[in-house]
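There are 2 protein chains.
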Amino acid sequence: MEGVVDHLAFERNKTQFDVEEMKIVWAGSRHALEVSDKMARLVASDPAFRKDDRPRLGRKELFKNTLKKTVYAWKRIIELRLSEEEASKLRSFVDQPAFTDLHWGMFIPAIKGQGTEEQQQKWLPLAQKMQIIGCYAQTELGHGSNVQGLETTATFDPKTDEFVIHSPTLTSSKWWPGGLGKVSTHAIVYARLITDGQDHGVHGFIVQLRSLDDHLPLPGITVGDIGMKFGNGAYNSMDNGVLRFDHVRIPRNQMLMRVSQVTREGKYAQSSVPRQLVYGTMVYVRQTIVSDASLALSRAVCIATRYSAVRRQFGSKQGSLETQVIDYKTQQARLFPLLASAYAFKFVGEWLKWLYTDVMKRLQANDFSTLPEAHACTAGLKSLTTSATADGIEECRKLCGGHGYLCSSGLPELFAVYVPTCTYEGDNIVLLLQVARHLIKSISQLRSGKKPVGTTSYIGRVEQLMLYSSDVQKAEDWLKPNTVLGAFEARAAKKSVACAQNLSKFTNPEEGFQELSSDLVEAAVAHCQLIVVSKFIEKLQQDIPGKGVKHQLELLCSIYALSLLHKHLGDFLSTGCITPEQGSLANDMLRSLYSQLRPNAIGLVDAFNYTDHYLGSVLGRYDGDVYPKLYEEAWKDPLNDSVVPDGFQEYIRPMLKQQLRNARL
Amino acid sequence: MEGVVDHLAFERNKTQFDVEEMKIVWAGSRHALEVSDKMARLVASDPAFRKDDRPRLGRKELFKNTLKKTVYAWKRIIELRLSEEEASKLRSFVDQPAFTDLHWGMFIPAIKGQGTEEQQQKWLPLAQKMQIIGCYAQTELGHGSNVQGLETTATFDPKTDEFVIHSPTLTSSKWWPGGLGKVSTHAIVYARLITDGQDHGVHGFIVQLRSLDDHLPLPGITVGDIGMKFGNGAYNSMDNGVLRFDHVRIPRNQMLMRVSQVTREGKYAQSSVPRQLVYGTMVYVRQTIVSDASLALSRAVCIATRYSAVRRQFGSKQGSLETQVIDYKTQQARLFPLLASAYAFKFVGEWLKWLYTDVMKRLQANDFSTLPEAHACTAGLKSLTTSATADGIEECRKLCGGHGYLCSSGLPELFAVYVPTCTYEGDNIVLLLQVARHLIKSISQLRSGKKPVGTTSYIGRVEQLMLYSSDVQKAEDWLKPNTVLGAFEARAAKKSVACAQNLSKFTNPEEGFQELSSDLVEAAVAHCQLIVVSKFIEKLQQDIPGKGVKHQLELLCSIYALSLLHKHLGDFLSTGCITPEQGSLANDMLRSLYSQLRPNAIGLVDAFNYTDHYLGSVLGRYDGDVYPKLYEEAWKDPLNDSVVPDGFQEYIRPMLKQQLRNARL
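Chains as they are written, first to last, in our numbering: chain A, 2 to 666; chain B, 2 to 666.
Just so you know, these hints were derived from the structure itself, not from any lab. A few of these clues could be false.
The list cannot tell twin chains apart, which means a pair is met if one copy fits it or any two copies do.
[Unchecked claim] Derived DSS-like pairs: lysine-lysine, alpha-carbon spacing no greater than 30 Å straight-line:
| id | residue 1 | residue 2 |
| --- | --- | --- |
| 1 | 452 | 354 |
| 2 | 362 | 451 |
| 3 | 548 | 24 |
| 4 | 481 | 506 |
| 5 | 506 | 330 |
| 6 | 65 | 76 |
| 7 | 442 | 630 |
| 8 | 452 | 65 |
| 9 | 637 | 506 |
| 10 | 52 | 658 |
| 11 | 551 | 540 |
| 12 | 69 | 637 |
| 13 | 658 | 61 |
| 14 | 551 | 354 |
| 15 | 658 | 123 |
| 16 | 658 | 69 |
| 17 | 39 | 506 |
| 18 | 330 | 568 |
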């Protein structure tokens, strides 16, 4: 890749597998790798996309810089006649949250999914040419998780054939939508539909917010930015907004009417289009979140792995070099499970993509049978992967020692920009409770002979699994896929069954569900971890070409599963799935796996094929030339503009000279 | 406290204990509460100490604002003739990292601890009047944890009776010292002492860095700021610095010579002062870190608890109010163990303060017997409490839902400013390995009849503990202090013994230690958790006045211990200390404890007695008036200075009008 020196060449020479082939596995296909590689280089080589100065920019500068980059990116997309796939990759490598994320990611899909044919014909061309800019105004100051509790109203006025959009309370103010604060001209607004005094619940409406001429808010609309968020740079490039309506009128045909309609007379009606399609969209959005989790985690792991190979500390013998930090077992035991998780999330993300197409096909054929399972599965995987990624990025930062705390390490911004994922599109705990509900339901339906499908099908073998105890006798037994799978299935099944049994002791099931919700969350986690492990194992059953590639993936799969087993040892022991001795053998195996992986660690992160621009980290540089660049980077701070700091004459000097009494501060 | 409305009054009315008495327990004494209360109000009521605008300030503005506040605080300290205790409290409530932290916290203590009588007489008055400003320049670009690997040299030149301070390599650049970048006039510089070609290892030297007149760096000195760090505001108020020496000469009497000396002839000699005194200082510094952990965690917990009582979501029945988020069991199971941890860390911090005085008394009487144990104990507690606090703050942020991501919640900055504590003054994993070494040594010395002391004394009962199995039969048995203590002691002892046994299988013990280091870290954690639990239990054996106060502390103690037991269930089960059924009973007990604590949650965080200024959080406001204030706060963002954002004409308009082709971006 870039540069001339390569301080990590000796590491790269150790690699025991074909890195170029692994790049294809990571990207998903040779084609995907090529597109991705081309777009990454295009962004990295264009100074307009520079981002290393981002942490030093004030809010206004950062925001203006974002407008510039975003519009410039759009210009390049048009000039280069990029395909949709290329354009989306290019936007992702620009790597700066912006209104376009919501425009392309939520506004347009919402119209596609919930708009009628006519509505699509009217609005999509405008949006796709960016003649209008849209956002997705759902969350309110007082309601996020509980969408059904939204307070904004859309009251039909049959006299004028209009809806009156209104914010009746302070807490009904729209709050958080990205792109809303300063940029969007339009929004999909979610509001309670009221016709003839009757509340029909929450529906979506297309509302114009700003004039297309002077960008001023239209009459009755109050709109602004909600203020600074976590971190330097990070999501502060985004204008998350606040929005209030004072009886704003929109034509009736701006209600999204694919699923429900309001007629000219004010009658509320359902169309023949199945409501369940909405869940299909949810499966889609959450699937992209899982893919993005592997992206974010792999960036952090790449930085921490490379710097752990560069950094040396302790252990020098007679003037020789000190030990590379990556050679310490404590470092390996924290870092390698995260490397394994990045790969695991990649593959489960790929599989979710398949699941989405499968579900959509079935929906179109009016087959709703797999929808609840697919819905629970994506909800759970969104929760599992985003929580693990958020924690994993921060762990990678700590693994870089003090220097990980510098913005130039790239890790603080990566963390700050990532963490909201644990909350948006479904709070991670709320989602796990949905998974748990599905599991309990699947168990209770066994009695009526209903067979669980897809990722819950193991529950169909519950009687057998309740009797499970592992037959592991030596450490190497833990390398067998079926051994691992058996233990994870039994643990998940036993945890769910235990919850179901405890729930049955309550006369009021809902009260029981509340009381036992922490146990239910644990059961859901066990179920979701099983899915990730089993999809990794399935991936390994495919034909994977390239010298040593499959073997490295087998190592990673075992590390992923056994490190989880070690972390949740209490689960496996208390359910009697394994014995303490078997747990200890798994731990021995894990140590040996770390040693086997060690020489390939740099190769495995090189396979992500990230440019230095995209990584945005001095510590994670491909060439490992960390210290000179850290030193160089320091002098760019605004504080170093002058040798004597601003404030010396007014504050420091009077203090040193003992002249504070008369100083005016 | 402040304000007129109180949206949390109904919560405060539920409280079953005397909050005012609890405030005294938390503060440590009535006197401490009074001082603390007075200083907190003094800072909160003075607009000069306003900090809510901090996240919006650019680096230069923030830094100048810090100089102003710091010098103003010093002026007030002089004007009000504050005592040392009051001054220190005042500085802490100003709550903005600054050069003074290092001046008072490291520079002055280093001279006191390592300087001779003469050196103290010369330098301390200058420092105490702030006629000079000092920092502590130890860490280098290439060396942090491995202090003995520092590269800066101090070569004695007998011709001129001077030391020549030099930075021989890039990685020898001093890097990180707070206050160094822009403010300090002096530094304690740690460098390899070289006399007559011989390297005597790392020693401390007082070096003047900047002119006392014009503040310019002295000849041979290159100094600057190392750049932006994690978070908005946070540690960016501090000028962490980089420093290079090009053969800088200082007089011989500026080597800190209390423990070792260099004579006029260049002879290196040790004084009669025990080297171990240095460890005494380390015990002191780490003890303050543990106290600060309880401070930081309690702030986050206070914010999350209050907002969890204000926030409602789901569960509304027929138009009634929705359920307070704090009533959900999943919320309680995440929040209440953190509340319990804040109290637990407070008490173990108090005990460490006692330990420090005890150690110092013994050192002065030439009794070094308890030093290794005290050293291991403070190292371990520093690691345990800071890791738990960093994770705990982020968990509190997530417990506040989306709004926790806003800077106005106070939590992002609290997290960003806290996390470096896990790395500085000993990386947390490195420290746990030191603890483990001490544990293994204590076990191996049993054979020679050496009795373990202090917090390791349970290891003296190892044979008995190896046979331990819990006698818990019903959930309430877990409320007995001895039952809890027994399980924690047995778990810690068994984990250490298992490590010692596995280590003995290696022919090279050091190799074994490296190979098993992850297990050793776990054993150290088990030991440290035992210390915190046992000190909490000891605290409860004291006489604690006030209606219901002691009972609440008993609840918190049980919650702390049993939530740890649940989290580390694998440890307790695999060592055979408890059975799965007993683990399940502990879990049942925990749920019941959460219900008992629930009505007192607001009272327990009110007892921290934090002003709204100090908390710095709209979500954590004492009066619970969250939503109107969040709304108000949003409009203060610079982006809201204009309705149409800067950049509209240049970027957004050409895009909307499809005029990008000719636009110059």
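Comparing the hints with the structure gives:
1. For the identical chains of this complex, residue 452 and residue 354 are intra-copy neighbours only, at 24 Å inside a copy versus 62 Å across copies, given an alpha-carbon limit of 30 Å.
2. When the C-alpha separation of residue 362 and residue 451 is checked against a cutoff of 30 Å, the pair qualifies only within one copy, where the shortest distance is 23 Å, while the shortest distance between copies is 74 Å.
3. Taking the shortest alpha-carbon separations for residue 548 and residue 24, only the intra-copy value of 13 Å comes in at or below 30 Å, while the best inter-copy value is 66 Å.
4. Taking the closest pair of Cα atoms, residue 481 and residue 506 come within 30 Å of each other only across two copies (27 Å); inside a single copy the shortest separation is 39 Å, beyond that limit.
5. For the homomeric pair residue 506 and residue 330, the shortest alpha-carbon distance between copies (18 Å) is at most 30 Å, but the shortest distance inside one copy (46 Å) is not.
6. Taking identical chains as interchangeable, the C-alpha atoms of residue 65 and residue 76 lie at most 30 Å apart only when both belong to the same chain, with a minimum of 16 Å there against 40 Å between chains.
7. In this homomeric assembly, residue 442 and residue 630 never come within 30 Å of each other (Cα to Cα): the closest approach is 57 Å inside a single copy and 42 Å across copies.
8. Neither within a single protomer nor between protomers do residue 452 and residue 65 lie at most 30 Å apart by alpha-carbon distance, with minima of 56 Å and 68 Å respectively.
9. Neither within a single protomer nor between protomers do residue 637 and residue 506 lie at most 30 Å apart by alpha-carbon distance, with minima of 65 Å and 53 Å respectively.
10. For the homomeric pair residue 52 and residue 658, the shortest alpha-carbon distance between copies (28 Å) is at most 30 Å, but the shortest distance inside one copy (43 Å) is not.
11. In this assembly of identical chains, residue 551 and residue 540 lie within 30 Å of each other by CA distance solely inside one copy; the values are 10 Å within and 57 Å between copies.
12. In the homo-oligomer, the alpha carbons of residue 69 and residue 637 lie at most 30 Å apart both inside one protomer (22 Å) and across protomers (24 Å), since each shortest distance falls under that limit.
13. In this homomeric assembly, residue 658 and residue 61 come within 30 Å of each other (Cα to Cα) only across copies, at 24 Å, whereas the closest approach inside a single copy is 38 Å.
14. Taking CA atoms no more than 30 Å apart as the test, residue 551 paired with residue 354 passes inside one copy only; the shortest distance there is 22 Å, against 56 Å between copies.
15. Within a single copy, residue 658 and residue 123 get their C-alpha atoms only as close as 73 Å, which misses the 30 Å cut-off; across copies the closest is 18 Å, which meets it.
16. When the C-alpha separation of residue 658 and residue 69 is checked against a cutoff of 30 Å, the pair qualifies only between copies, where the shortest distance is 16 Å, while the shortest distance within a copy is 48 Å.
17. In the homo-oligomer, the alpha carbons of residue 39 and residue 506 never lie at most 30 Å apart, since the shortest distance is 60 Å inside one protomer and 54 Å across protomers.
18. For the homomeric pair residue 330 and residue 568, the shortest alpha-carbon distances inside one copy (16 Å) and between copies (23 Å) are both at most 30 Å.
Of the numbered hints given earlier, the model fails hints 7, 8, 9 and 17; all others are met.
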